[in-house]
Amino acid sequence: MSAPVEQHDPETQHLASREVDWRDFREHLATADKDGSRRWIYAKQPAGQWYRWRTWMSWVLIGTMFTGPFVRINGNPLLMFNIVERRFSILGHIFWPEDGIIFAVAMLTFFAGIMVFTSAFGRLWCGWTCPQTIMMEMVFRKLEYLIEGDAHQQRALAAAPWTLQKAARKLFKHAVFFALSFLIGNTLLSYIIGSDQLLHIIRDDPLNHLTGLGFMVLFTLVFYAIFARFREQACTFICPYGRFQSALLDENTMVVAYDHKRGEKRAPWKRDQRLELRLAEAKGDCVDCHQCVSVCPTGIDIRNGVQMECVNCTACIDACDSVMDKIGRPRGLIRYASLNGIEHGQPLRYTNRMKLYTVILSGLITLFAFLVLTRADVQAIFLRAPGALFQQAAEGRISNLYTVKIINKTHGTLPIQFRLEGIEGKVVTLGAQDFIVPGDKLAQTSVLVEIDPKLLPRATTPLSIGVYANNKHIETVKTAFIGPGH
Numbered sequence: 001m002s003a004p005v006e007q008h009d010p011e012t013q014h015l016a017s018r019e020v021d022w023r024d025f026r027e028h029l030a031t032a033d034k035d036g037s038r039r040w041i042y043a044k045q046p047a048g049q050w051y052r053w054r055t056w057m058s059w060v061l062i063g064t065m066f067t068g069p070f071v072r073i074n075g076n077p078l079l080m081f082n083i084v085e086r087r088f089s090i091l092g093h094i095f096w097p098e099d100g101i102i103f104a105v106a107m108l109t110f111f112a113g114i115m116v117f118t119s120a121f122g123r124l125w126c127g128w129t130c131p132q133t134i135m136m137e138m139v140f141r142k143l144e145y146l147i148e149g150d151a152h153q154q155r156a157l158a159a160a161p162w163t164l165q166k167a168a169r170k171l172f173k174h175a176v177f178f179a180l181s182f183l184i185g186n187t188l189l190s191y192i193i194g195s196d197q198l199l200h201i202i203r204d205d206p207l208n209h210l211t212g213l214g215f216m217v218l219f220t221l222v223f224y225a226i227f228a229r230f231r232e233q234a235c236t237f238i239c240p241y242g243r244f245q246s247a248l249l250d251e252n253t254m255v256v257a258y259d260h261k262r263g264e265k266r267a268p269w270k271r272d273q274r275l276e277l278r279l280a281e282a283k284g285d286c287v288d289c290h291q292c293v294s295v296c297p298t299g300i301d302i303r304n305g306v307q308m309e310c311v312n313c314t315a316c317i318d319a320c321d322s323v324m325d326k327i328g329r330p331r332g333l334i335r336y337a338s339l340n341g342i343e344h345g346q347p348l349r350y351t352n353r354m355k356l357y358t359v360i361l362s363g364l365i366t367l368f369a370f371l372v373l374t375r376a377d378v379q380a381i382f383l384r385a386p387g388a389l390f391q392q393a394a395e396g397r398i399s400n401l402y403t404v405k406i407i408n409k410t411h412g413t414l415p416i417q418f419r420l421e422g423i424e425g426k427v428v429t430l431g432a433q434d435f436i437v438p439g440d441k442l443a444q445t446s447v448l449v450e451i452d453p454k455l456l457p458r459a460t461t462p463l464s465i466g467v468y469a470n471n472k473h474i475e476t477v478k479t480a481f482i483g484p485g486h
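For the sequence shown, this note's numbering assigns the number 1 to the initial residue and increments by one for each residue that follows.
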């Protein structure tokens with residue numbers, strides 16, 4: 001039998017002093033005392049196979065986040081959400097406000113996907129792909145370990161009196177945090193205004209771009225506050241997903257769970273203790289070392305069961321597995337499992353509720369695909385010029401002035417022509433003789449529609465105008481023509 005788990009570890013001693021608080025864990029959050037004051041979490045640095053897999057996944061997602069606005073597909077950003085210009089780029093395809101129905105269906109699809117995913121796999125999103133968790137645990141927390149040391153060293157530093165060395169270390173850490181927050185803020189800003197505009201602001205005089213600079217500073221301060229101060233409270237207090245999941249989880253959902261049937265009754269593993277004697281005393285595999293608590297970034301004890309604060313980060317799995325290796329017991333005392341799997345040994349089931357969610361999700365995905373595939377390449381908007389009445393030309397024809405907006409959703413340049421349909425007359429494009437709309441751009445012009453008054457039976461006549469690109473009909477726009485009437 002290998003060596004027992006050491007009980008003099010500083011983390012264990014600190015956590016043991018909080019044993020009374022564990023008994024009423026349902027009464028208050030792990031990050032707050034009973035009087036509501038903040039309890040700072042000093043999470044021990046995890047180590048193990050699950051942590052390595054999460055680290056690899058995090059680097060892929062972090063790389064995607066920082067390169068997304070700068071990667072170009074067909075000349076457009078991989079991802080851009082330009083709210084100011086109401087122009088969005090997803091995988092190199094430009095979307096406009098007129099594609100709002102597509103975004104609405106996309107959001108419904110996203111939330112339906114969360115319902116299906118959460119009902120089957122719990123908060124796997126939070127622990128593996130949530131930007132808050134990834135940046136906090138895989139970037140800021142690792143930098144903190146590098147600068148201040150592991151949890152017990154951080155706790156000792158916080159309790160130590162202020163000295164020049166302590167002040168320098170704290171100042172350096174927060175300077176690094178602020179600089180990284182500034183980098184994240186710039187990246188987020190590039191998602192909104194585009195990477196080209198961001199680089200232009202950086203190179204130009206900041207006084208010429210006070211709005212962009214203001215947003216950049218705001219984003220920096222928000223991210224700095226989240227990662228330097230709020231931390232896990234962003235998950236437990238601000239994010240609604242932890243509370244939302246309680247309506248989706250059931251006994252068949254896969255969660256990070258403690259096998260209480262195998263682990264109880266908890267008792268320390270004594271040196272040279274034989275397994276047969278331990279089993280005869282009805283003691284379980286849990287040696288009550290509190291390592292699962294010491295590594296938890298939200299400060300909970302997973303042995304208390306499913307809790308809203310658990311983000312399924314798997315740190316407790318790695319910690320428990322390492323202890324099981326030391327005492328020669330099988331891994332998996334804490335593992336991914338369903339409550340039915342723990343209680344009754346049942347495998348994961350595809351329940352009727354999951355089936356219903358899947359049907360809804362499939363329908364939304366089908367609708368989304370249909371809307372994207374049938375989206376018109378060119379969209380025209382005809383509006384009567386505000387405050388303009390009809391005019392009568394020298395030849396006797398009646399004219400109306402219209403403002404035209406053409407959205408070219410293709411990547412190529414399109415020459416646009418307009419023709420009346422169902423009535424004789426002509427459409428004159430004002431300004432340049434040829435109305436050219438660049439690829440993935442919105443262009444605006446004014447047109448004059450002239451019609452013989454003999455063809456206008458009423459003061460307001462419905463009008464159909466054909467929109468052509470390279471003499472190919474692409475759309476018919478309905479509007480109204482104002483005349484003198486008879």
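Among the hints, a few may not be true.
What follows is a set of in silico ranges between Cβ atoms, one per label pair, in the way DEER data are often shown [said to hold, decoys possible]:
| no. | residue 1 | residue 2 | range |
| --- | --- | --- | --- |
| 1 | THR129 | ARG169 | 55 to 61 Å |
| 2 | PRO97 | ASP33 | 44 to 50 Å |
| 3 | ASP325 | THR351 | 30 to 36 Å |
Calculated pairs, DSS-like style, for lysine-lysine (alpha carbon to alpha carbon, straight line, at most 30 Å) [said to hold, decoys possible]:
| no. | residue 1 | residue 2 |
| --- | --- | --- |
| 4 | LYS326 | LYS265 |
| 5 | LYS142 | LYS166 |
| 6 | LYS261 | LYS142 |
| 7 | LYS409 | LYS355 |
| 8 | LYS265 | LYS454 |
| 9 | LYS283 | LYS326 |
| 10 | LYS405 | LYS326 |
| 11 | LYS426 | LYS405 |
| 12 | LYS142 | LYS326 |
| 13 | LYS426 | LYS478 |
| 14 | LYS454 | LYS441 |
| 15 | LYS326 | LYS409 |
| 16 | LYS142 | LYS170 |
| 17 | LYS170 | LYS261 |
| 18 | LYS478 | LYS454 |
| 19 | LYS454 | LYS409 |
| 20 | LYS355 | LYS326 |
| 21 | LYS261 | LYS283 |
| 22 | LYS426 | LYS355 |
| 23 | LYS270 | LYS355 |
| 24 | LYS441 | LYS472 |
| 25 | LYS283 | LYS270 |
| 26 | LYS426 | LYS441 |
| 27 | LYS142 | LYS173 |
| 28 | LYS441 | LYS405 |
| 29 | LYS405 | LYS355 |
| 30 | LYS409 | LYS426 |
| 31 | LYS34 | LYS265 |
Read the hints as simulated data drawn from the structure, not as lab findings. Beta carbons: idealized from backbone N, C-alpha and C, even for Gly.
Hints the structure violates: just list their numbers, smallest first. The structure conflicts with hints 1, 6, 7, 8, 10, 14, 15, 17, 19, 20, 22, 23 and 29, although it agrees with all the remaining ones.
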